[in-house]
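Next come the chains, spelled out residue by residue.
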Amino acid sequence: DAKTTQPNSMESNEEEPVHLPCNHSTISGTDYIHWYRQLPSQGPEYVIHGLTSNVNNRMASLAIAEDRKSSTLILHRATLRDAAVYYCILRANNDMRFGAGTRLTVKP
Amino acid sequence: GAGVSQSPRYKVAKRGQDVALRCDPISGHVSLFWYQQALGQGPEFLTYFQNEAQLDKSGLPSDRFFAERPEGSVSTLKIQRTQQEDSAVYLCASSLGTASNYGYTFGSGTRLTVV
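Residue numbers (this note's numbering), protein chains in the order written: chain U, 1 to 108; chain X, 109 to 223.
No lab work stands behind these hints, which were simulated from the structure alone.
It should be emphasised that the depicted structure is a prediction, and the values quoted were computed from it without experimental measurement.
Errors might be hidden in some of the hints.
As the list claims (entries may be wrong) - Capping the alpha-carbon separation at 25 angstroms, the derived lysine to any residue pairs in SDA-like fashion look like this:
{"hint": "1", "chain 1": "U", "residue 1": "K107", "chain 2": "X", "residue 2": "L147"}
{"hint": "2", "chain 1": "X", "residue 1": "K186", "chain 2": "X", "residue 2": "R172"}
{"hint": "3", "chain 1": "U", "residue 1": "K3", "chain 2": "X", "residue 2": "V197"}
{"hint": "4", "chain 1": "U", "residue 1": "K69", "chain 2": "X", "residue 2": "E152"}
{"hint": "5", "chain 1": "X", "residue 1": "K186", "chain 2": "U", "residue 2": "S41"}
{"hint": "6", "chain 1": "X", "residue 1": "K119", "chain 2": "X", "residue 2": "R172"}
{"hint": "7", "chain 1": "X", "residue 1": "K119", "chain 2": "U", "residue 2": "S41"}
{"hint": "8", "chain 1": "U", "residue 1": "K3", "chain 2": "X", "residue 2": "T221"}
{"hint": "9", "chain 1": "U", "residue 1": "K69", "chain 2": "X", "residue 2": "S208"}
{"hint": "10", "chain 1": "U", "residue 1": "K3", "chain 2": "X", "residue 2": "E152"}
{"hint": "11", "chain 1": "U", "residue 1": "K3", "chain 2": "X", "residue 2": "G150"}
{"hint": "12", "chain 1": "U", "residue 1": "K3", "chain 2": "U", "residue 2": "I74"}
{"hint": "13", "chain 1": "X", "residue 1": "K119", "chain 2": "X", "residue 2": "N209"}
{"hint": "14", "chain 1": "X", "residue 1": "K186", "chain 2": "X", "residue 2": "N209"}
{"hint": "15", "chain 1": "X", "residue 1": "K165", "chain 2": "U", "residue 2": "N94"}
{"hint": "16", "chain 1": "U", "residue 1": "K3", "chain 2": "U", "residue 2": "Y46"}
{"hint": "17", "chain 1": "U", "residue 1": "K107", "chain 2": "X", "residue 2": "G148"}
{"hint": "18", "chain 1": "U", "residue 1": "K3", "chain 2": "X", "residue 2": "G148"}
{"hint": "19", "chain 1": "X", "residue 1": "K186", "chain 2": "U", "residue 2": "D95"}
{"hint": "20", "chain 1": "X", "residue 1": "K165", "chain 2": "U", "residue 2": "D95"}
{"hint": "21", "chain 1": "U", "residue 1": "K3", "chain 2": "X", "residue 2": "D164"}
{"hint": "22", "chain 1": "X", "residue 1": "K165", "chain 2": "U", "residue 2": "Y46"}
{"hint": "23", "chain 1": "X", "residue 1": "K186", "chain 2": "U", "residue 2": "N94"}
{"hint": "24", "chain 1": "U", "residue 1": "K3", "chain 2": "U", "residue 2": "K107"}
{"hint": "25", "chain 1": "U", "residue 1": "K3", "chain 2": "X", "residue 2": "K119"}
{"hint": "26", "chain 1": "U", "residue 1": "K3", "chain 2": "X", "residue 2": "S166"}
{"hint": "27", "chain 1": "U", "residue 1": "K3", "chain 2": "X", "residue 2": "Y210"}
{"hint": "28", "chain 1": "X", "residue 1": "K165", "chain 2": "U", "residue 2": "S28"}
{"hint": "29", "chain 1": "X", "residue 1": "K165", "chain 2": "U", "residue 2": "Y32"}
{"hint": "30", "chain 1": "U", "residue 1": "K69", "chain 2": "X", "residue 2": "N209"}
{"hint": "31", "chain 1": "U", "residue 1": "K69", "chain 2": "U", "residue 2": "N57"}
{"hint": "32", "chain 1": "U", "residue 1": "K69", "chain 2": "X", "residue 2": "A207"}
{"hint": "33", "chain 1": "X", "residue 1": "K165", "chain 2": "U", "residue 2": "S53"}
{"hint": "34", "chain 1": "X", "residue 1": "K119", "chain 2": "X", "residue 2": "V197"}
To be verified - Going by beta-carbon spacing under 8 angstroms, a handful of chain X positions derived as facing chain U:
{"hint": "35", "residue": "G136"}
{"hint": "36", "residue": "S139"}
{"hint": "37", "residue": "P151"}
{"hint": "38", "residue": "F153"}
{"hint": "39", "residue": "Y156"}
{"hint": "40", "residue": "N209"}
Beta carbons: idealized from backbone N, C-alpha and C, even for Gly.
Chain X with its partners taken away, still in its complex shape (with noise of 0.2 angstroms):
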């Protein structure tokens, strides 16, 4: 596709559930980043890959936090036994290159509430 597409674009979550997160990055690019972003801030680093690898999942909250990249293309974060700290925008952006001037292009979110 012509961007960075992710659904659902919406998701209410019941508190201790388990919610999937998917990102389509735009074809053919090698890097990309999930980051989180509450109401009123920046966004927050969570993790990046590399193809399918996984190369730096530092920005990731807790062990209730998975990412996936499987095929080095469709990515998928997943957060088990969602707490309401977890409610947040969740971004997804890929890249063509690994190199520092190569911009990101990103998708317009997942907008999760823990209820």
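Chain U with its partners taken away, still in its complex shape (with noise of 0.2 angstroms):
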């Protein structure tokens, strides 16, 4: 299986930028980036998802680098609401499988 690379954890202050960094050296050439988080007491909810263009959505950004072995989860202003788990997940078809996560805190 592709591995991802993720710190373990991250402080952030409310209202500031968090870039949260993925390494995955070993991803293959159809394998799609997908970030899910988790709150505390809940499922995980998908967060966004690229191949390899930079993607924009409500929630988040996803920048991809070139060669494809990095990407970053941009939230832009972070909230306390934002304080979960995040997962930098590969996915290949129907595989998809979950590392450690970067747990991210968020100070008022």
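With the hints as a guide, dock the two chains, each given alone in a separate frame, to form the complex.
See the structure below:
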């Protein structure tokens, strides 16, 4: 399985941008990069996904390196409700395996 | 419904008891997945259905675990002779399609505690 590497934890101040990094040096050409987040006592929630180009949606932006070996999830203005565990996942067809993720703490 | 529904929300079982966990996916979603999440860990894949066909059960930890989706909609995860190490949150997810560019929608999970 292709694997991802994320920092165990990060902190951010409220109202500031947050850049969550992910390394995936063994990514294959058909793997999509998916991001999910999990709030306490809830199931994971889809955030964003991409293949090669940068992507934007109402929740976040995804910046993908040109060689696709790394990506960054960008929260433009962190709020207290963004405190969660963020998972970066490589998805090939119906194989989607989670790692340990990054625990984001947002300070008021 | 609007989302993936799982029941019960909490289940306490005595060691050796059989349990059944239910998942109602989003109507029309072809793919259905079960994951197991231990405390402080990321979700671990258990099994995957495409409609009623179970196409991947490589993540089921033992033959005490059994999943079915007989009519291609509701799914049940059954655990026989529960053990303490089965204590975890069991998550169900569904997806509209099978391609890699489809996202998953997860339920809130069933927290199983084996005493």
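Agreement of hint Y156/X with chain U interface, Cβ distance less than 8 angstroms: Holds - the Cβ of Y156/X comes within 8 angstroms of chain U, reaching about 5 angstroms at its closest.
Restraint status (C-alpha distance of K186/X to R172/X at most 25 angstroms): It holds: about 8 angstroms lies between the C-alpha atoms, which stays within 25 angstroms.
K69/U paired with A207/X [C-alpha distance capped at 25 angstroms]: holds (21 angstroms)
Given hint S41/U paired with K119/X - CA-CA distance at most 25 angstroms: holds (15 angstroms)
K107/U paired with L147/X [C-alpha distance capped at 25 angstroms]: holds (24 angstroms)
Distance restraint between K3/U and D164/X, which requires alpha-carbon spacing of 25 angstroms or less: Roughly 19 angstroms between the alpha carbons, so the hint for K3/U and D164/X holds.
K3/U paired with T221/X [C-alpha distance capped at 25 angstroms]: violated (30 angstroms)
Straight-line alpha-carbon gap K186/X to N94/U, limit 25 angstroms: holds (22 angstroms)
Restraint check for K165/X with S53/U, where alpha carbons must lie at most 25 angstroms apart: violated (33 angstroms)
Hint consistency between K165/X and D95/U [alpha-carbon to alpha-carbon, up to 25 angstroms]: Roughly 12 angstroms between the alpha carbons, so the hint for K165/X and D95/U holds.
25 angstroms limit on alpha-carbon distance, applied to hinted pair K165/X and S28/U: Holds, because 24 angstroms separates the two Cα atoms, which is no more than 25 angstroms.
Restraint check for K3/U with K119/X, where alpha carbons must lie at most 25 angstroms apart: Cα-Cα ~33 angstroms, so violated.
Figure legend: structure checked against the earlier numbered hints; hints not met, in rising order: 8, 13, 14, 24, 25, 33 and 35.
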